[in-house]
Structures are given as structure tokens and as C-alpha cells.
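As numbered in the working numbering, the sequence shown has no gaps in its residue numbers, which increase by one up to the final residue, 1369.
Mixed in with the good hints there might be a few duds.
With a straight-line Cα cutoff of 30 Å, these simulated DSS-like cross-link-like pairs (lysine-lysine) come out [unchecked claim]: (1) K1233 <-> K1255; (2) K1135 <-> K1083; (3) K1233 <-> K1198.
None of these hints come from the bench; they were simulated from the model. Model, not experiment: these values are computed from the prediction.
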Amino acid sequence: MVKETIDSSIPTTRRCLIVGNYCHDVLIKDDVVIAESLGGAASFVSAVLDSLSISSDYISKVGTDFVYTVNHRPITSASSKTTVFHAYFSTETKRQDRILKRVSACDPVTPSDLPNSNFDFGLAVGVGGEILPETLERMIDLCKVVFVDIQALIRVFDPVDGTVNLVHLDQTGFGPLLKKIGFLKASAEEAQYVDVEEARKWCCVVVTNGKEGCTVYTKDEELPVAPFSAFQVDPTGAGDSFLGGLVAGLVHGLNVPDAALLGNFFGSLTVGQIGLPMFDSRLVQDRLIPLVMILPRYISLMWTRVDGNLNFSLH
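Build the full structure now, drawing on both the sequences and the hints.
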């Protein structure tokens, strides 16, 4: 028997490449720690894509202090600790949803950390400044279509206490790469830090707006996509789950608006759970995807939580 050898210098094709560090998330309400969980956009994206058995490679960095077991092994850095975020919430109605602070930051992901492979989709989903312009440029070379969460590009961190702030995209080194990506995702707040009208000339811009759903901007049209009802417990990761759902929809052959509807669905499930959400993979694969593909935009999947399980019904 002749054993086939594979030349590692020849790129191979895989489905998705997800780039962004795992984190330790600490949720604090009224100065009391209410939860600690695995965080980072990559973990929320993974929860969605894994529930749908979508083949993906993950490039994430953590420190030797990383405390979680994950499905996709990260790169362990000996020179820095795992990225840590503290999210501060308050029962005071006058305060915003949360104040986010980066307590520590792991090493950034460099171009040399990326595999020498070709991918159908690439997702740049940094949360703590770990995505470098040169890393995004290398992703563009490796992937047919690149999705970028704008938070990976425009977040800056107070040098004293790590409070997360935002700067306009033009003030970063990522501006010239906008013409080379396929999708730019931003929350309604983050969209104020990019010229959406200019960006939509070059890529599809998707702006999420919580309970209002999202809006898809292409070069020629602006299309609102309906939300799903949700009781918000923790908004952390909702946008990341949305992006995972959007990509999952496109992998399954949906058009962009219908894929965005699927993104809204996963986002609505995420805000109803504290920390990293849990999805029933069998239920999602056997019922959700077929329904969305058969009757796009004409079905309403209402969900309720009964004894910790998700239940769907058609209306």
C-alpha cells in the first residue's frame, strides 16, 4: 500500500477561519461579581458554528492562566496572561447597559500565527486589540470572503483603568483594508465611528440594533431585517453570536437578508443567558435550519425557555 504524502507548502481549502483571542469575562452588578465565564468573540462564534457542525479553524491566544476547556485549542503564550474583561452593570436606569474594562491583554495574533491554508470564509473577531492590520491583510489573502467585526478595529483602552472606548475607523491603520473585505458588522453605537455610506460602496455593512433587529446596507439598497423577541439578561456576546449566525446562514446557502435573520435569532438567544450561551445542536440542525431555508422571511420562530430547554413554534 502506498501512503499518500501531502506537501505542506501547498495551501488546502477549509470552510472557515476565525481569528480572535479567548478571554476571561467577569460580570459585576452593583459592585458584586455575579458570574465569571469564558469570553471573547471567538468563543461566542464557536458556540454557534459548532452547534451547526460547520468546519472551522480557530486562531486564539491565551496565557498559561487560561482556566477553560474549549473545543478549539488556543495558542498558549508564555509571555502574557489571558485577556480579562470586567463588565460592570447597574440597576440604575440612567446608566448604560454596561461599562467594559480590559484588565489584562494577551499577545496579539500575528500573520505568522495563521495557517498556510485557503478558506471560504474568514472572521476577524478581536475584542482586546489582538487583530493587527497586517494580520487582517493576511486573512484577506487566505480567505475568499472576510467578515470583520468593527470592534476588532476601533476599540481603544484607557491606559490607567482599561475602560473600553471607541475611535473613528479613519484614526486606525485599518481604513485602507475596507475595500478588500466582504462584510463589516457594527452595532448601532459602533456604526457612528465609520462612514457607512462610504463603506457600503466597497463591502456589505450590517448594523445591529438590539431589539430592533438589524439593517443590511449594500451598494444599492438598505434592507431592515426583523428581530426576535427576547428577555435580556446579559447583552455580552450578542453581536458575536449574530455574526456567527450570519456566516452560518451563508454557509447553508441563504441569501444575505435571510442569513441576517438567522443572525438575529442567535443574538436573541444569547441575551437571554448569562455568559457563553448553550445551544441544543440537535434542535438547531434538525429544525431551525430547514425551516429558515424552506420559508425564508415568512416564518416566525418564537422561542421560550422551559426547564432550561429551548422550544420553537411556528406562527
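Taking the hints in turn, this is what the structure says about them:
1. K1233 <-> K1255: Status holds; Cα separation ~8 Å.
2. K1135 <-> K1083: Roughly 25 Å separates the two Cα atoms, so the pair holds.
3. K1233 <-> K1198: holds, 14 Å
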